[in-house]
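Asks: Spelled out from the first residue to the last, the chains are:
Protein chains: 2
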Amino acid sequence: MLEDRKLEVLRAIVEDYVSTHEPVGSKALAERHGLGVSPATIRNDMAALEDEGYIAQPHTSAGRIPTDKGYRLFVDRLSSVKPLSTPERNAIQVFLGGAVDLDDIVGRTVRLLAQLTRQVAVVQYPSLARSSVRHVELVTLSPTRVLMVLITNTGRVEQRVVECAADVPETLLGELRALLNAAVAGVRLADAPGRLTDVTDRFTLEQRPVVAVVLSSVLETLVEPQEERVVMGGAANLARFGPDFPQSIRPVLEALEEQVVLLRLLGEAGDPSLVTVRIGHENPYEGLAATSVVSMGYGSESEALAKLGVLGPTRMDYPGTMGAVRAVARYVGKIVAEA
Amino acid sequence: MLEDRKLEVLRAIVEDYVSTHEPVGSKALAERHGLGVSPATIRNDMAALEDEGYIAQPHTSAGRIPTDKGYRLFVDRLSSVKPLSTPERNAIQVFLGGAVDLDDIVGRTVRLLAQLTRQVAVVQYPSLARSSVRHVELVTLSPTRVLMVLITNTGRVEQRVVECAADVPETLLGELRALLNAAVAGVRLADAPGRLTDVTDRFTLEQRPVVAVVLSSVLETLVEPQEERVVMGGAANLARFGPDFPQSIRPVLEALEEQVVLLRLLGEAGDPSLVTVRIGHENPYEGLAATSVVSMGYGSESEALAKLGVLGPTRMDYPGTMGAVRAVARYVGKIVAEA
DNA sequence: ACTTGGCACTCGGATTGGGGGAGTGCCAAG
DNA sequence: CTTGGCACTCCCCCAATCCGAGTGCCAAGT
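Quick note, the sequences are listed as chains A and B, same order. Numbered according to the working numbering, the first sequence spans residues 787 to 1125. Numbered according to the working numbering, the second sequence spans residues 787 to 1125.
To be clear, the hints were calculated from the coordinates, so they are not data collected in a lab. All figures in this text were calculated on a predicted structure; none of them were measured in a lab. There could be a bad hint or two in this list.
Counterexamples of contact, computed for chain A against chain B with all Cβ distances above 12 Å [to be verified]:
#1 Glu808
#2 Leu821
#3 Pro844
#4 Glu874
Cβ pair distances, simulated, as ranges [said to hold, decoys possible]:
#5 His807(A) / Glu789(B): 52 to 62 Å
#6 Arg1050(B) / Asp790(A): 50 to 60 Å
#7 Ala951(B) / Gly883(A): 36 to 46 Å
#8 His807(A) / Gln843(B): 29 to 39 Å
#9 Ala976(A) / Pro873(B): 41 to 51 Å
#10 His845(B) / Gln879(A): 48 to 58 Å
Glycine included, C-beta positions come from ideal geometry on N, C-alpha and C.
Full structure from sequences and hints, please.
Replies: Shown next as C-alpha cells:
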C-alpha cells in the first residue's frame, strides 16, 4: 500500500517534470494528480524516495526532480510503451512509402523519427556483415585501374578503386567478374571470403598477381565492418534542450559528429528486438550525461540488420518516444527486408 | 587623406571587434593600433562612419560594432585573402591524401574545413550535370527487376531500381548494356540523352517495351539534377556563436538541416573561381541574418563541379577564413579532377 | 501505524537602487 | 583639420532586500 503509493508519487513526479520542466513540489502534486492524500503525506513519501535515490532537489527548498535512477524505475516498471495514434501510423506509411533507394529510406527515416519525437534521430545503415551479396561489378577506369562495385541485397552499394601494377585486359576482367559472381552471389558477406579461396587457381600464373590485387580488395570490402555508416538528423531539436545552453548543448553536438560515438550509442544497447532505453550516465560518453537514448534494431523478422533511435534530454516523454521508435523500426524493417 | 584614415579606422574596428567580440571605443582604438591620431579625431571619423552606415552602437555610450555594410566594405576593399601557413597546407595534403572514394573525399573535406576554420563547413557533391559518364551497369535483381548503376568520372555512383512489366532476359540486358556504354561512355551527362535516341531502334519490336522502360530510367537519372547532395559538418562550432543562445542558434540549426537552404547558400554565390562572401542579410534566409557564408567552387581547372564553404557569425575572421576556403577548394578540386 | 494540519525555516530568484566607468558629442583653442 | 577638455548618458555590476514556494518536523487526529 505504502510502497504502491510511493511509486505512484514517483510516476507523478516524472510526468509532471517532463511536461513542465520545473521541479515539482508536494502541493502541486497533490492537486494535479488525483491521489487522495494531503501534501504532507506526499512529503513523507518524497523524503523516502529521495533517501532511496530516485529523486533529488536542485537546492534546499525547491521541488524535486527525478534522478537517472528514478527515470530508470519509471521506464522499467511504471510506464508502458505508448502505441502511436492511427494518423501517426498513416503518416509513417505515407512518408516511408515513397522511398526509392536505400539512401532515400535511411534519409526519410531519420527525418521521420526526428519529426515524430521532436528530438534528434539516429539511423544506422543496414550492416554489411549480415547482408548478402547481390552482385559484384568490375569496371575498367584506365588500363591499370579498376573500379569494384559491390551491391548487397539491402540495396547498399560499396565501391572501391583498385590500382594494379600491370595492365588489366578487359577479357581477364570479364572472366574474373563471372567467377566472382558465381562464387559469391547470394552468399552472406560474412561467408563470402570462404568461397573465394580457390578463385585464383583458375588463372594462369602470369595473371595471378593482378587477380590477387583485385581479390584482396574485394575481400577487404567484404570483411571490414567498413565504416558502419550512421546518419543523424533533427539537430535543431536540440534547441529544445533547455535554456541552460552552450554548456549543455556543446558536448552533445560534439558527440553527434563522431560516427564512432553514435555507433556505440546504438550498438551497446541490449536485445535489438525490443526498445532499449539508456538513461543519462548509463550512456558510454560523459558528454551525454543529461541525455537519454531510445533505440531499437530493425530488419527482417528473424534478424536485426541495424539499429535506429532517438536522443533527447533525460527529461523526455519516454512512453511516447518508445512508441514512435518501435513503430518506425518495425515499419522500416519491413521495407528493408522486402526490398 | 581623411577618407583614407576613415577606412583605416573601419578596418581597425572590424579587426578589434572580431578578436574581442566587444564593442570597440575610440580610446582603445587609438592605443592598440598605431594610427598617430588622438581619440577625439577618431571619434569624429567614427561619427562619420556611423552616418554612412558602416558601424553602429548597440546603445548610446557604448563602443561601435561594424554593420553588415561595414563588413562588406572591409571584405571588398580593406582586406586580402590570407594565405595559409605551410604547416596548414601540409595538413590539408595529409588529411585529404588518404581519401579512397568520393564519399570519403567529401567527408574528409567537410571535417577539414570545419577544423581549419573552427566553423560550420558545407560541401556540395560534384554535380552530376557537369560530369561525364564513366560506365552504366545493369544488374538483374529478379526476373522483372533491374538495377541500374551509373558511375561518373567524379566517382559518384547513382543507382535506381527499374520495374519491368515483362521478364527481362539476361541476353537482352547484356546487349543493352553494351549499347548504352558504347553510346554514352565519356559523354557529359547533359549531352548523354542525345546519344540515346536511336538505341531503341536496334531492338526487335517485342523487345522495345522493356528497353524503353530501362532507357527512360537511365534518362531520368541523367537529366534530373537529382537531389544535389550537400554535406554539413562542424555543427559543434555553433557553440562559439555567442552566449546569446537559443534564439541565435536555433534558426541556424534549422537552416542547416534543409538541403535546399544549404544549396541556395552555396549556389547563389557569384563567380565560382573566386572566394565569395555573403554577409548577414545578404543571405537568402532570414534565420541567417547574423551569419556569413564564405564559399567557392571547386573542380577541374576549366570548370567548377560544385561548391564548398563555411558558415559562421558575421563577426568572423574573414581573411583567414577566405584563405582556408580557397586553399581547400583548390586542393579538393585537384583531387576530384584527377580521380 | 499512517495521515494530516500547522508552523518555523531556508534558500533561490526577482527586484531595486545606487555607484563606477567607458564612451560619446560638442566646443573652443591650437 | 586636429586636439584636449568637459559634461552627459547609459550600461553593467553589486549588494541589499523582499517574496514565496517548498521543506522538515512535530503534535494531534483517525
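Asks: Now look at each hint and say whether the structure bears it out.
Replies: Right, here's what the structure says about each hint:
Remark: the non-interface label on glutamate 808(A) is consistent with the geometry, its nearest Cβ contact in chain B lying 17 Å away (cut-off 12 Å). Listed as a non-interface residue, leucine 821(A) keeps its Cβ farther than 12 Å from every Cβ of chain B; the least gap is roughly 35 Å. With a least beta-carbon separation of about 21 Å from chain B, proline 844(A) lies farther than 12 Å from that chain, consistent with its non-interface assignment. Distance check on glutamate 874(A): its Cβ is at least 21 Å (rounded) from any Cβ of chain B, clearing the 12 Å threshold; non-interface status holds.
With their beta carbons about 55 Å apart, histidine 807(A) and glutamate 789(B) fall inside the hinted range of 52 to 62 Å. One distance hint, 50 to 60 Å for the beta-carbon pair arginine 1050(B) and aspartate 790(A), holds here, with the actual separation near 58 Å. The supplied range of 36 to 46 Å is broken by alanine 951(B) and glycine 883(A), whose beta-carbon atoms lie about 21 Å from each other. Distance hint check for histidine 807(A) and glutamine 843(B): the Cβ-Cβ separation is about 37 Å, which falls inside the suggested range of 29 to 39 Å.
Separated by about 43 Å at the C-beta atoms, alanine 976(A) and proline 873(B) satisfy the suggested range of 41 to 51 Å. A C-beta distance of roughly 55 Å is found between histidine 845(B) and glutamine 879(A), which places it inside the suggested range of 48 to 58 Å.
In terms of the numbered hints stated before, the structure departs from hint 7 and from no other.
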